[in-house]
Amino acid sequence: MFPRLLTAKSVAIFALFIIPLLLGGCAGPLSTLDPAGPAATAVAWLWWAMFAFSTVVLLAVVVLWLVAMRRDPDGVSEEAARRLQNRWIVGGGLILPLASVTVLLAFGIPVGHNMLPVAADGEDVLRIEVTGHQWWWEVEYPGKDIRLADELHIPVGVPVHVHVTSEDVIHSFWVPRLGGKLDAIPGRDNVLRLVADEPGTYRGQCAEFCGLNHAHMDFTLEAHSQEAFEAWLEEAHSDE
Amino acid sequence: MSDARTEEGGTLEQRFERVWSNLPGWGTLAAVNHTSLGLRFMVTGVVFFLIGGLLAMLVRTQLALPEQEIISADVYNQIFTMHGTVMMFLFAIPILEGLAIYMIPKFIGARDLVFPRITSLGYYCYLFGGLIIASSLVLGEAPDSGWFMYTPLSGSAYAPGPGSDFWLLGVTFVEISAMAAGIELTVSILRTRSNGMSLRRMPIFCWYILAMALMIVFGFPPLILASILLELERAVGMPFFDVAGGGDPVLWQHLFWLFGHPDVYIIFLPAAGIVSTLIPVFSQRPIVGYRWLVLAIIVTAFISFGLWVHHMFTIGIPKLAQSFFSVASMLVAVPTAIQIFAWLATLWTGRVIYSLPMLWIFGFLVVFVAGGLTGVMLALVPFNWQVHDTHFVVAHLHYVLVGGMLFPLIAGFYYWLPHWSGRMPSAALGRWGFWLTFIGFNVTFLLMHLTGLLGMPRRVYTYEAGLGWDWLNLLSSVGGFIMAAGVAMILLDIALHFRFGRPAPRNPWNADTLEWATDTPPGSYNFVSLPDVRTRHPLWEHPELPETIAAGEHGLARIDHGRRETYGSDAVTGKVREVIHLPSNSWLPLLAALSLAVVCIALLVRVYPVAALGAAGAMVFLLRWSWVNGAHPQAAPLKDNEPHQPPLHSRTCDGPGLWGMVVTLLANGTLYVSLIFGWLYLWTASPGWSVPEGQQIPLVPLIGSGVLLTLTVLFYHRVVERLRGRDATGLQGKLWGVSILGGAHVALLVWVQMSAALSPTELAHDALLLVMLIYLFIHGGLAVILSVLQAVRVRLGYINSALPYEPVVLRPFWVYTLGVFWVSFAVFILLPMAWGGA
Amino acid sequence: MLSPTHPFQLVLGLVIWSVWFVALYGGLSVGCAVAPPDPAAGALTWLNALLLLLTLATTLLLVHWTLRCWRGASEAGGGTVKRFLTWVASGVHLTAAGATLAVGLPVIVFPPCV
Numbered sequence: 001m002f003p004r005l006l007t008a009k010s011v012a013i014f015a016l017f018i019i020p021l022l023l024g025g026c027a028g029p030l031s032t033l034d035p036a037g038p039a040a041t042a043v044a045w046l047w048w049a050m051f052a053f054s055t056v057v058l059l060a061v062v063v064l065w066l067v068a069m070r071r072d073p074d075g076v077s078e079e080a081a082r083r084l085q086n087r088w089i090v091g092g093g094l095i096l097p098l099a100s101v102t103v104l105l106a107f108g109i110p111v112g113h114n115m116l117p118v119a120a121d122g123e124d125v126l127r128i129e130v131t132g133h134q135w136w137w138e139v140e141y142p143g144k145d146i147r148l149a150d151e152l153h154i155p156v157g158v159p160v161h162v163h164v165t166s167e168d169v170i171h172s173f174w175v176p177r178l179g180g181k182l183d184a185i186p187g188r189d190n191v192l193r194l195v196a197d198e199p200g201t202y203r204g205q206c207a208e209f210c211g212l213n214h215a216h217m218d219f220t221l222e223a224h225s226q227e228a229f230e231a232w233l234e235e236a237h238s239d240e
Numbered sequence: 001m002s003d004a005r006t007e008e009g010g011t012l013e014q015r016f017e018r019v020w021s022n023l024p025g026w027g028t029l030a031a032v033n034h035t036s037l038g039l040r041f042m043v044t045g046v047v048f049f050l051i052g053g054l055l056a057m058l059v060r061t062q063l064a065l066p067e068q069e070i071i072s073a074d075v076y077n078q079i080f081t082m083h084g085t086v087m088m089f090l091f092a093i094p095i096l097e098g099l100a101i102y103m104i105p106k107f108i109g110a111r112d113l114v115f116p117r118i119t120s121l122g123y124y125c126y127l128f129g130g131l132i133i134a135s136s137l138v139l140g141e142a143p144d145s146g147w148f149m150y151t152p153l154s155g156s157a158y159a160p161g162p163g164s165d166f167w168l169l170g171v172t173f174v175e176i177s178a179m180a181a182g183i184e185l186t187v188s189i190l191r192t193r194s195n196g197m198s199l200r201r202m203p204i205f206c207w208y209i210l211a212m213a214l215m216i217v218f219g220f221p222p223l224i225l226a227s228i229l230l231e232l233e234r235a236v237g238m239p240f241f242d243v244a245g246g247g248d249p250v251l252w253q254h255l256f257w258l259f260g261h262p263d264v265y266i267i268f269l270p271a272a273g274i275v276s277t278l279i280p281v282f283s284q285r286p287i288v289g290y291r292w293l294v295l296a297i298i299v300t301a302f303i304s305f306g307l308w309v310h311h312m313f314t315i316g317i318p319k320l321a322q323s324f325f326s327v328a329s330m331l332v333a334v335p336t337a338i339q340i341f342a343w344l345a346t347l348w349t350g351r352v353i354y355s356l357p358m359l360w361i362f363g364f365l366v367v368f369v370a371g372g373l374t375g376v377m378l379a380l381v382p383f384n385w386q387v388h389d390t391h392f393v394v395a396h397l398h399y400v401l402v403g404g405m406l407f408p409l410i411a412g413f414y415y416w417l418p419h420w421s422g423r424m425p426s427a428a429l430g431r432w433g434f435w436l437t438f439i440g441f442n443v444t445f446l447l448m449h450l451t452g453l454l455g456m457p458r459r460v461y462t463y464e465a466g467l468g469w470d471w472l473n474l475l476s477s478v479g480g481f482i483m484a485a486g487v488a489m490i491l492l493d494i495a496l497h498f499r500f501g502r503p504a505p506r507n508p509w510n511a512d513t514l515e516w517a518t519d520t521p522p523g524s525y526n527f528v529s530l531p532d533v534r535t536r537h538p539l540w541e542h543p544e545l546p547e548t549i550a551a552g553e554h555g556l557a558r559i560d561h562g563r564r565e566t567y568g569s570d571a572v573t574g575k576v577r578e579v580i581h582l583p584s585n586s587w588l589p590l591l592a593a594l595s596l597a598v599v600c601i602a603l604l605v606r607v608y609p610v611a612a613l614g615a616a617g618a619m620v621f622l623l624r625w626s627w628v629n630g631a632h633p634q635a636a637p638l639k640d641n642e643p644h645q646p647p648l649h650s651r652t653c654d655g656p657g658l659w660g661m662v663v664t665l666l667a668n669g670t671l672y673v674s675l676i677f678g679w680l681y682l683w684t685a686s687p688g689w690s691v692p693e694g695q696q697i698p699l700v701p702l703i704g705s706g707v708l709l710t711l712t713v714l715f716y717h718r719v720v721e722r723l724r725g726r727d728a729t730g731l732q733g734k735l736w737g738v739s740i741l742g743g744a745h746v747a748l749l750v751w752v753q754m755s756a757a758l759s760p761t762e763l764a765h766d767a768l769l770l771v772m773l774i775y776l777f778i779h780g781g782l783a784v785i786l787s788v789l790q791a792v793r794v795r796l797g798y799i800n801s802a803l804p805y806e807p808v809v810l811r812p813f814w815v816y817t818l819g820v821f822w823v824s825f826a827v828f829i830l831l832p833m834a835w836g837g838a
Numbered sequence: 001m002l003s004p005t006h007p008f009q010l011v012l013g014l015v016i017w018s019v020w021f022v023a024l025y026g027g028l029s030v031g032c033a034v035a036p037p038d039p040a041a042g043a044l045t046w047l048n049a050l051l052l053l054l055t056l057a058t059t060l061l062l063v064h065w066t067l068r069c070w071r072g073a074s075e076a077g078g079g080t081v082k083r084f085l086t087w088v089a090s091g092v093h094l095t096a097a098g099a100t101l102a103v104g105l106p107v108i109v110f111p112p113c114v
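Protein chains in written order, with the numbering used here: chain A, 1 to 240; chain B, 1 to 838; chain C, 1 to 114.
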């Protein structure tokens with residue numbers, strides 16, 4: 001009696017999860033599923049592919065389990081049972097995970113490779129230095145004499161190498177719509193490569209728990225068109 | 001044991017009960033019996049589960065709506081820190097230890113665990129440590145840096161209150177209990193199985209617990225070391241994790257996750273063991289692929305030690321290094337998949353009986369497989385960089401831990417309820433409990449994946465409205481309360497069943513393993529007589545076993561000697577080699593644990609003289625404990641009529657004490673290797689590492705001290721070899737010689753320490769050297785004290801050519817002391833010289 | 001040499017794997033601390049080569065042990081504890097060999113120190 005109920009329930013729960021997604025619930029100022037840069041886009045695609053595949057695997061295992069519980073195994077000889085067992089363990093226990101992992105790595109490793117903070121030959125890279133404090137972000141543009149709090153400005157389409165460190169405890173620098181996060185650790189200089197595809201204002205948030213006001217340690221990153229960025233740079237520089 | 005007792009009459013059961021039962025009244029606190037203590041562990045664990053669950057409800061209340069101010073940030077930080085701490089350290093690990101402590105002797109056909117007083121010490125350390133940690137909540141001084149306690153946030157500069165100290169001292173105190181369980185479960189499973197229960201006939205549950213126990217032995221020491229170092233940093237100012245002093249906060253993360261990741265599998269493996277035990281019973285056929293499961297267990301136990309950095313993918317270590325851990329993290333899916341398909345195949349080829357435990361097993365499957373799949377996703381570095389430290393991870397870890405541990409545990413509870421109460425669980429209320437829990441859980445956490453993908457970080461006490469998280473959080477909170485209702489239903493069901501449950505027949509589920517051959521509830525001695533086991537499914541092939549065991553038709557059915565006895569057997573073949581006599585009720589574990597609690601509290605309030613007093617007290621009680629052993633009149637004095645085939649274990653040279661010593665040293669060695677890791681790590685990776693000029697430690701006396709130690713150990717080794725050849729001539733004098741020579745080594749070491757030019761509060765380099773020297777001093781000192789005691793015991797006649805047991809047990813400790821001395825010399829003294837010269 | 005039927009064989013393969021894993025991660029860290037190769041060189045550096053060599057050598061060693069234990073398993077009589085031990089042991093060695101190869105292979109893709 002309960003297995004039938006169960007399948008209905010699990011399908012319902014899954015539907016509950018999937019439907020809002022399909023209805024475009026993925027947008028949001030901090031949504032990784034609403035990407036605006038190559039790194040975040042690649043990861044969003046990875047997610048959707050992994051999600052689809054995992055759903056299939058999960059449903060398949062659950063259905064197999066339910067069938068296994070309900071079926072009447074009369075007429076399976078010991079010999080047949082043993083062959084079946086080996087086939088299941090080798091097929092499901094070895095081949096399935098190994099094949100899945102291989103495929104996953106085949107797609108995942110190049111994505112990770114492209115995120116490395118290594119400038120290609122002749123590539124123009126903007127360097128920004130960000131220092132985490134309890135509970136704000138200090139932003140500097142080296143050689144430009146610009147010092148900001150909780151806001152970054154970058155040009156569109158140009159790779160930005162954000163050098164992240166901390167003055168006190170560990171923080172984590174994260175602009176979800178552009179790419180992954182990187183920890184700000186005292187004594188260390190970590191480099192995060194970000195590119196914005198479109199002009200706009202993106203929200204960032206401290207992701208590593210850093211004490212009392214961790215929840216409010218957010219910042220904005222504004223991506224300007226190339227010309228607008230030059231103009232901003234000029235203006236900000238003269239303001240100092 | 002007094003002889004008068006044994007002359008009283010009564011049935012066999014009554015006579016056994018007189019020898020094995022706990023003391024009456026308050027005397028029950030002196031109990032060392034695994035059945036009593038296992039139950040106490042589990043009940044205490046349930047209480048902490050409820051505390052942790054209450055904290056979770058507070059979290060979900062605060063997060064239900066955006067921008068709420070029900071709970072302040074300060075209190076919220078304490079609450080989520082304590083939720084994680086309580087659930088991991090005070091619920092998940094101890095309750096599984098408790099289950100293993102209760103079950104293992106019954107599964108392997110033994111009467112108790114091999115070190116019963118250790119069981120008791122472990123329980124009290126758990127209880128007192130848990131109370132100390134929990135008291136911080138009541139005092140409003142709970143730790144608030146997260147259950148992972150990352151430095152510098154948990155250090156004295158950013159967490160000046162006692163919160164972090166509560167965590168560090170309390171958790172370390174509780175760890176003693178985990179180590180105790182790890183060591184005694186390992187030795188019990190390897191050395192006290194039924195006659196003939198070879199490794200391939202061992203119930204699969206025992207393989208899981210063996211793996212768990214050994215993982216504790218190797219997994220917990222890094223955290224113990226890290227906690228000691230951080231507490232030293234906070235209390236004394238040794239800058240292990242402080243960049244300004246040449247330390248590195250990342251070292252904490254490495255040590256913490258070196259423990260933290262294996263810990264997940266320490267929790268999962270016993271739960272999987274429950275699944276592997278229940279599925280064949282409810283399919284009424286043997287488990288499929290026993291060998292594959294054993295292989296999967298071993299592989300999981302190892303590979304899970306190679307994953308720790310996947311908690312640290314965002315700290316900026318090289319991508320290549322990350323990819324090693326990424327691949328290893330994915331590989332661990334393979335042994336898990338093997339287990340799942342072995343279970344599937346068992347169900348497929350068996351005729352399944354629907355029952356409440358199977359419902360929970362089904363819930364386990366759905367939730368755990370989902371959690372495993374998101375785990376593989378998280379192992380992919382680029383994806384991890386996005387969702388790390390978001391609610392996606394919160395969802396994932398709850399799927400893995402609740403699905404992989406809580407669901408099988410409840411399945412196991414329902415399955416073994418008749419064992420504890422003699423009554424069967426109900427059907428209706430239990431189903432309600434399951435469905436409420438299952439649905440509530442999924443409503444809470446399935447949606448939370450999306451919350452995380454939409455960018456909600458972890459550990460925020462509130463969030464702005466309009467970020468797309470509002471409805472998700474509200475639904476998660478609703479789900480949380482549904483799950484709480486489910487848990488309440490289960491507790492009600494279990495409480496009611498004790499009164500209204502249908503009385504259980506013998507072996508109510510028609511199980512195959514020996515734990516159902518005891519009475520339900522079991523007598524304190526488990527089995528009146530100990531049967532030979534020639535099959536993996538004793539109760540299926542010999543359904544008459546419960547009766548013949550109770551009738552005393554098998555081994556060790558005599559009790560007139562008044563000793564608590566069980567078989568000691570060969571680790572591989574299970575062939576009986578000796579009769580192990582076990583200690584009876586004892587107050588010493590309670591007293592030792594109380595002294596340690598005094599130490600813990602005194603360190604917490606920083607009254608160091610009291611701490612020293614407490615430590616001295618603990619030392620005295622523990623030495624007294626070691627004194628009442630072997631041929632001591634209260635243990636097993638030499639008698640004319642004692643058994644020789646097989647002999648008592650204290651008359652042999654390879655008893656369980658030796659095994660316990662070696663396993664303890666493995667744990668100790670892991671702690672020491674963690675220290676070396678810290679040293680090498682800071683040398684290569686610390687951003688502000690600095691080495692003072694000149695030779696700080698006087699070399700000549702240090703080498704002299706090492707030479708003395710070497711001579712001592714060689715001497716002791718010769719003494720033991722003679723003794724093993726049953727030659728005890730001049731034994732007492734030789735042991736005094738060993739003690740004096742060893743004492744000289746320690747004295748010289750103290751002198752080295754005094755004259756070393758170290759500034760441990762300024763440089764991490766010097767602080768580590770000091771810790772190393774103290775470590776050597778403690779080992780040398782302890783070895784000398786124990787040798788002195790052995791010499792006295794020779795005088796009293798507890799050690800002689802017929803009783804060679806104890807010096808053999810002590811030998812590995814001396815050898816270990818020698819080993820760490822010269823390794824320390826090489827790594828802490830010679831290597832830097834070479835390095836500096838290069 | 002340890003006999004294929006020794007119970008320590010149950011863990012030997014993965015102990016070797018663990019030691020190799022420590023050497024791999026430790027070697028990489030020390031290499032990067034002492035003489036970090038130029039990131040522009042990609043994966044074609046002395047450090048990657050060294051780690052790859054270590055990986056292949058360890059894999060070969062483990063395959064060798066797998067075969068030894070497998071032969072031991074076929075020599076032991078059916079239904080004995082020795083047969084069981086050697087079967088599991090050869091599985092452990094084989095798994096360790098596979099894990100070594102899989103975990104080590106990224107050295108042919110990534111530059112070592114960024």
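A few of these clues could be false.
[As the list claims (entries may be wrong)] Between beta-carbon pairs, the in silico distance windows are:
no., chain 1, residue 1, chain 2, residue 2, range
1, B, W751, C, I108, 24 to 32 Å
2, A, H216, B, I353, 52 to 60 Å
3, C, L60, A, D150, 51 to 59 Å
4, A, D150, B, G140, 29 to 37 Å
5, A, E151, B, P66, 21 to 29 Å
6, B, A612, A, E140, 48 to 56 Å
7, B, G10, C, V19, 54 to 62 Å
8, C, L52, A, E140, 35 to 43 Å
9, C, T80, B, Q645, 44 to 52 Å
10, B, S801, C, G77, 50 to 58 Å
11, A, A149, B, P160, 25 to 33 Å
12, C, P39, A, D150, 29 to 37 Å
13, C, I108, B, P698, 27 to 35 Å
[Stated by the list, open to error] If you want a taste of the chain C side facing chain A, the calculated C-beta under 7 Å gives, among others:
no., residue
14, P39
15, I108
16, V109
In short, the hints are calculated from the structure, not lab data.
Keep in mind it's a predicted model, so treat the numbers as computed, not measured.
Don't be surprised by glycine CBs; every beta carbon is placed ideally from N, CA and C.
Do the hints match the structure? See the list:
1. One distance hint, 24 to 32 Å for the beta-carbon pair W751(B) and I108(C), is violated here, with the actual separation near 54 Å.
2. Against the hinted window of 52 to 60 Å, the Cβ-Cβ separation of H216(A) and I353(B) comes to about 55 Å, which satisfies the hint.
3. In this structure the hint that L60(C) and D150(A) lie 51 to 59 Å apart at CB holds, the actual value being about 55 Å.
4. Between D150(A) and G140(B) the C-beta distance comes to about 32 Å, which sits within the given range of 29 to 37 Å.
5. A beta carbon spacing of about 23 Å between E151(A) and P66(B) agrees with the range 21 to 29 Å that was offered as a hint.
6. Look at A612(B) against E140(A): about 51 Å separates their beta carbons, and that is inside 48 to 56 Å.
7. The hinted range of 54 to 62 Å is satisfied by G10(B) and V19(C), whose Cβ atoms lie roughly 58 Å apart.
8. A hinted range of 35 to 43 Å for the beta carbons of L52(C) and E140(A) is consistent with their spacing of about 40 Å.
9. Checking the proposed 44 to 52 Å range against T80(C) and Q645(B) shows it is violated: the Cβ atoms sit about 25 Å from each other.
10. Our hint of 50 to 58 Å for S801(B) and G77(C) is violated, since their Cβ atoms are close to 40 Å apart.
11. Between A149(A) and P160(B) the CB atoms are about 26 Å apart, so this pair conforms to the stated range of 25 to 33 Å.
12. Range check, P39(C) to D150(A): about 31 Å between beta-carbon atoms, so the 29 to 37 Å window is met.
13. The supplied range of 27 to 35 Å is broken by I108(C) and P698(B), whose beta-carbon atoms lie about 49 Å from each other.
14. Hint status for P39(C): holds, given a least beta-carbon distance of 5 Å to chain A, under 7 Å.
15. The interface hint given for I108(C) is broken, as the beta carbon of that residue sits about 11 Å from the closest beta carbon of chain A, more than 7 Å.
16. Annotation: V109(C) was flagged as interfacial toward chain A, and the flag holds, the nearest CB pair being 6 Å apart, inside 7 Å.
Hint violations for this structure: numbers 1, 9, 10, 13 and 15, all remaining hints satisfied.
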